[in-house]
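S.K.: The primary structure of each chain is shown beneath.
Number of protein chains: 2
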Amino acid sequence: MSTFLASLRGEKVNRFPVWLMRQAGRYMKAYRRLRSKVNTFLEFCSNVDLAVEVTLLPERILGIDALILFSDILVPLLPLGVKVEFKPKPFLKSPPIEELKEFDQAKVDFVFETIRKVKEKSELPLIGFAGAPFTLGAYIVEGQTSREFLNIRKLYHSDREKFNLLMEKLTEMTEEYLSAQISAGVDAVQLFDSWAFVLSPSAFKEYFNHLRRLMESLKRKHPEVPIIYFFRGSGHLFETAKDLPADALSVDWTIDIEKPLKVLSTKALQGNLDPALLYADREVIEREVTNFLQKVVNYRKTLFVFNLGHGLSPDMEEEKVKFLVEVVKRFKL
Amino acid sequence: MSTFLASLRGEKVNRFPVWLMRQAGRYMKAYRRLRSKVNTFLEFCSNVDLAVEVTLLPERILGIDALILFSDILVPLLPLGVKVEFKPKPFLKSPPIEELKEFDQAKVDFVFETIRKVKEKSELPLIGFAGAPFTLGAYIVEGQTSREFLNIRKLYHSDREKFNLLMEKLTEMTEEYLSAQISAGVDAVQLFDSWAFVLSPSAFKEYFNHLRRLMESLKRKHPEVPIIYFFRGSGHLFETAKDLPADALSVDWTIDIEKPLKVLSTKALQGNLDPALLYADREVIEREVTNFLQKVVNYRKTLFVFNLGHGLSPDMEEEKVKFLVEVVKRFKL
Chain A
1 MSTFLASLRG EKVNRFPVWL MRQAGRYMKA YRRLRSKVNT FLEFCSNVDL
51 AVEVTLLPER ILGIDALILF SDILVPLLPL GVKVEFKPKP FLKSPPIEEL
101 KEFDQAKVDF VFETIRKVKE KSELPLIGFA GAPFTLGAYI VEGQTSREFL
151 NIRKLYHSDR EKFNLLMEKL TEMTEEYLSA QISAGVDAVQ LFDSWAFVLS
201 PSAFKEYFNH LRRLMESLKR KHPEVPIIYF FRGSGHLFET AKDLPADALS
251 VDWTIDIEKP LKVLSTKALQ GNLDPALLYA DREVIEREVT NFLQKVVNYR
301 KTLFVFNLGH GLSPDMEEEK VKFLVEVVKR FKL
Chain B
1 MSTFLASLRG EKVNRFPVWL MRQAGRYMKA YRRLRSKVNT FLEFCSNVDL
51 AVEVTLLPER ILGIDALILF SDILVPLLPL GVKVEFKPKP FLKSPPIEEL
101 KEFDQAKVDF VFETIRKVKE KSELPLIGFA GAPFTLGAYI VEGQTSREFL
151 NIRKLYHSDR EKFNLLMEKL TEMTEEYLSA QISAGVDAVQ LFDSWAFVLS
201 PSAFKEYFNH LRRLMESLKR KHPEVPIIYF FRGSGHLFET AKDLPADALS
251 VDWTIDIEKP LKVLSTKALQ GNLDPALLYA DREVIEREVT NFLQKVVNYR
301 KTLFVFNLGH GLSPDMEEEK VKFLVEVVKR FKL
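Those protein sequences? They're chains A and B, same order as listed.
Taking full-length UniProt numbering, the leading residue of the first sequence gets 1, the next gets one more, and so forth.
Taking full-length UniProt numbering, the leading residue of the second sequence gets 1, the next gets one more, and so forth.
Don't read these hints as lab results, they were simulated from the structure.
Be a bit skeptical, because a hint or two may be false.
[What the hints assert, rightly or not] Taking lysine-lysine pairs in the BS3-like style, the calculated list, with each CA pair at most 27 Å apart, reads:
1) B:K242 <-> A:K242
2) A:K259 <-> B:K242
3) B:K205 <-> A:K262
4) A:K332 <-> A:K12
5) B:K262 <-> A:K242
6) B:K221 <-> A:K259
7) A:K259 <-> B:K332
8) A:K205 <-> B:K121
9) A:K83 <-> A:K121
10) B:K205 <-> A:K242
11) A:K295 <-> B:K295
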């Protein structure tokens, strides 16, 4: 079995597995070359041949231990009737929450087709993914990225019923979407809750129930497929998130890794250095990553996947990213 | 003595004092009327008569327990040679860090003049303020507001020496600036660390030393003036921030208020409901605020100041803000 899946399942591994969020991204020359073949970002995601190629890039270039489907968390909103445009940041136009359409997976079949083709071409485990309901809801209500996501917080405080209706609709869609990805062949799924950090601990506790239902339902259908929950704001939300029925929690850099290491014994952890570390010299990267892994190994020798606390940025150096992966792989258990 | 200062000092009060960040702001009709008298936001801040009037507005309109100087945290960057423009969001052009000028308080004399005039016109305690060094540094390095503040994190990881030089320069300036505000008559000072939330716990620990020096130096010169430290990211930074030599910690909504209430016995607390609560119905506001204050009173009957976890937003209703203040003032100890 792959190091990635073995470590997620708590089996013995010789080294910690590593993959990186946005590992196939604009920082990579080969990615930019492929990107230039089509006009819009949505074409890029929905062109199966290109999406397959992009998904596979990090295997050859970085030597990571898992691939992640190349797509965007906003893709499954299209069948709901949400209009999405990337300029290059996303702008959304959504019908009123009550009028969001039922999810029709046939409309995003290119995603499942991409998964099937990647599985034919690589033996690496493939991670499927979806945005978590809160993050998708924040995009829908806000219409774009935002620093504060005030409008979804407004909805939460001013109309709890409608907020919960939105979360329910998105939970249902996400469950179907991830199930279909699993049926198409992904080996694990990751939920991205990139904007969860704007939630107070008590608001997150309420939202928790939607997440739990989503995960429980997936687990019932696909008990063998690990669910990874990535959430920004790990520092203040971990206390609640730790009780989710996920197989792994992927934490951002707002939490000292020792805290979850101390508390969680049966769940895997993924994370969590600040991606900005990649701007440092190789010497600093090597020292910081090694010290970090040394901390981890004081607590566990499995149930850990190295990743950063968030995605890679376009201006990062490909060579440095490669070096980071090497440092992690060199660290023997 | 005023309820505000008494509570900050741990003396007996009949009710918890209340003021709100951005209490004089665009949500307020009278503010918008005054704002329309000048072209740029910087003119608005530097016109002493207008700044005095704006500072005083919330006394009459809201009935809060403290005034806060009307100005902007970017104002003291002007004498350092930083160019600031509001369109309406701030855009900055800064010389290289090594070439930032020495702070010359004469160049922002309008701030001290505003303070002196406000003190002549009102008996309410007046809060002076400044941006905390990290938040100012983030603005300088980024050149504008940002969701991720990746560039200051980049500086932190790639050139620690230069990062610390920037923090030292800003610490020195801020110390002088707040000292001068105190000499001009403010009764308390608040440091705004609005972007601290992008820091990891370990990066915050390093930055902590700059904050400590700043506060210790102010305390030596003005032992009687309370220092309030407001920091976003309270959920993951509180563990370290609690040891700062501030008189009060002003926390955002990423922390359940019971946590600092349990831990801090001699420091005052200020905060911390999500400002988005103001979009809710009066009924909800009243219930949430009352439940919140009930929690506080289980731990303490002084050393507490009601505020929100962040500033008010332009689209909030003046009447609701007024109602919020009433609810807090009605809650007797």
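S.K.: All the hints need checking, so say for each whether the structure fits it.
M.R.: Taking the hints in turn, this is what the structure says about them:
| no. | hint | in the structure |
| --- | --- | --- |
| 1 | B:K242 <-> A:K242 | holds (25 Å) |
| 2 | A:K259 <-> B:K242 | holds (18 Å) |
| 3 | B:K205 <-> A:K262 | holds (20 Å) |
| 4 | A:K332 <-> A:K12 | holds (12 Å) |
| 5 | B:K262 <-> A:K242 | holds (22 Å) |
| 6 | B:K221 <-> A:K259 | violated (39 Å) |
| 7 | A:K259 <-> B:K332 | violated (39 Å) |
| 8 | A:K205 <-> B:K121 | violated (46 Å) |
| 9 | A:K83 <-> A:K121 | violated (32 Å) |
| 10 | B:K205 <-> A:K242 | holds (25 Å) |
| 11 | A:K295 <-> B:K295 | violated (37 Å) |
Checked against the numbered hints given earlier, the structure breaks hints 6, 7, 8, 9, 11 and satisfies all the rest.
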